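So the sequences go chain by chain: A and B.
The C-terminal position of the first sequence is numbered 77 in the numbering used here, with every residue numbered one higher than the one before it.
The C-terminal position of the second sequence is numbered 472 in the numbering used here, with every residue numbered one higher than the one before it.
A couple of the hints might just be wrong.
[What the hints assert, rightly or not] Derived Cβ-Cβ restraints for the label pairs, each shown as a range:
(1) B:Arg158 / A:Val46: 18 to 28 Å
(2) B:Lys383 / A:Glu60: 44 to 54 Å
(3) B:Gly86 / A:Met58: 38 to 48 Å
(4) A:Met58 / B:Gly440: 23 to 33 Å
(5) B:Gly188 / A:Asn36: 29 to 39 Å
(6) A:Val30 / B:Lys462: 35 to 45 Å
(7) A:Lys64 / B:Val87: 38 to 48 Å
(8) B:Ile193 / A:Asn36: 51 to 61 Å
(9) A:Val46 / B:Lys406: 53 to 63 Å
Think of the hints as simulated: they come from the structure by calculation, not from any bench.
Please read these numbers as outputs of a predicted model, since none were measured by experiment.
Beta carbons: idealized from backbone N, C-alpha and C, even for Gly.
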Amino acid sequence: MEGIMTWVVELNKTNHVGFGILTVVTMAGLGGLIAGMAELFFKALGIKNDKIEIQH
Amino acid sequence: MLTLPIAGVEIMAWQLVLLGLTVGVIGGFFGVGGAFMVTPALNVFGFPMAYAIGTDMAHIAGKSIVATAKHRKLGNVDMRLGLIMIAFTAVGIELGATLIMHLEKIGRVGPIVRITYMALLFGLGTFMLYEYFKLTRGKAAGEVKDAGASKFALKMQSLNIPPMINLKASGIRISLWVVGGVAIFTGFLAGFLGVGGGFIRMPALLYMIGCPTTIAVGTDLFEVMISGAYGAFSYAMKARVELLAAVVMLLGAAVGAQFGTVATKYVKGLIIRLYFAVTMLLAGVSVVFKQIASNYKAVYEPSMKSWAKATSGLTNNASISEWIMMNKPAVKAWIAQQSDVMQSAYTMDKAWNNYSGYLMLGAACALSALIIVKMLKGMAYERKLAAQSVRAIA
Chain A
22 MEGIMTWVVE LNKTNHVGFG ILTVVTMAGL GGLIAGMAEL FFKALGIKND KIEIQH
Chain B
79 MLTLPIAGVE IMAWQLVLLG LTVGVIGGFF GVGGAFMVTP ALNVFGFPMA YAIGTDMAHI
139 AGKSIVATAK HRKLGNVDMR LGLIMIAFTA VGIELGATLI MHLEKIGRVG PIVRITYMAL
199 LFGLGTFMLY EYFKLTRGKA AGEVKDAGAS KFALKMQSLN IPPMINLKAS GIRISLWVVG
259 GVAIFTGFLA GFLGVGGGFI RMPALLYMIG CPTTIAVGTD LFEVMISGAY GAFSYAMKAR
319 VELLAAVVML LGAAVGAQFG TVATKYVKGL IIRLYFAVTM LLAGVSVVFK QIASNYKAVY
379 EPSMKSWAKA TSGLTNNASI SEWIMMNKPA VKAWIAQQSD VMQSAYTMDK AWNNYSGYLM
439 LGAACALSAL IIVKMLKGMA YERKLAAQSV RAIA
């Protein structure tokens, strides 16, 4: 983990385009992964995707 | 304690997770990025401000993917509308940014931007609050589900300027140029105010184009996803993203965004608008606090900039401001040597900025708690309905 962080810090200092790409890919990738996991979670709870407006 | 390797400071990890969670809920519920809440709140937690905007953009890029994916499943994203608006919004942002640069040259930017920001937030919030009370007066609780298309939106839809486009998800037929014009206008405001623009675009989708509320939420999030990714890349190129902090915030935000998005299943469109109105008004108060802070800053800032210019050897105003942000210990040492008036002004500037942050943090926590409660009640009701239908079949 420390090795990865050191590499990221160096990339930020030496290669801004590379750091930019890493940032977008990391955030998008993590976002997609968490979205997929959340979908499985809600499916397990039996929560469907249709609208039920009950709150007022 | 989390050590931020790029910024070189320590921060409590739970603060980032909590902030991510609360703003994620709000973002998923309203279809906004939430930067207007995150940046002041990060200031309260002692996060280095030089990295606040970039880090926030990076977390928004990830969070909005989570929320948009869920909204798409709920049928709330009008992709066609979103893609058209993105193209024209970019044009508007350039125009807004160009005007800002012109105002900077003639030294009139600060007060004009802040006043415009306050007018927008208070104006929007008040109008949406008025709309809520107008529609619900004399009606039973829950009788009115959503506000229909506004008179202005209906007028916009009736303009027959080819090519006309059919927006299936929104249920609207409208001129491409009307959509483009609205997008340029919202982009211009976003570029002018230096904001992401989600809180401007969402009401524009409601009141100028006439989208149903949940479609406006989902479609706006789709646009935030694109602009967030671009913003994250842009700030990362300038070495202004603390990636570890963004990842930690995303862990909270991704969960929060799911909660906020699912809550839109159960909450009537009109109530979403009511909560949005309250959020806008609170954000307006936060900007008033920042304006007060800015008045105190005006007492010591000219001297500080002269000192920074002499010390750093920089001549460009933007570079000098950046140098000040990145050299906090030197700035504090300089302030300690100044007169009581300047030191007092510095303290009051920090205090009012903190008040703004506390207000936004408190509002984010309270609002996200309310939305989560709505979501849990809705989920319990849905499971009850499902159990009833199983029993009925049996």
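Hint-by-hint comparison with the structure:
{"no.": "1", "hint": "B:Arg158 / A:Val46: 18 to 28 Å", "result": "holds, 27 Å"}
{"no.": "2", "hint": "B:Lys383 / A:Glu60: 44 to 54 Å", "result": "holds, 51 Å"}
{"no.": "3", "hint": "B:Gly86 / A:Met58: 38 to 48 Å", "result": "violated, 32 Å"}
{"no.": "4", "hint": "A:Met58 / B:Gly440: 23 to 33 Å", "result": "holds, 30 Å"}
{"no.": "5", "hint": "B:Gly188 / A:Asn36: 29 to 39 Å", "result": "holds, 35 Å"}
{"no.": "6", "hint": "A:Val30 / B:Lys462: 35 to 45 Å", "result": "violated, 52 Å"}
{"no.": "7", "hint": "A:Lys64 / B:Val87: 38 to 48 Å", "result": "holds, 40 Å"}
{"no.": "8", "hint": "B:Ile193 / A:Asn36: 51 to 61 Å", "result": "violated, 41 Å"}
{"no.": "9", "hint": "A:Val46 / B:Lys406: 53 to 63 Å", "result": "violated, 31 Å"}
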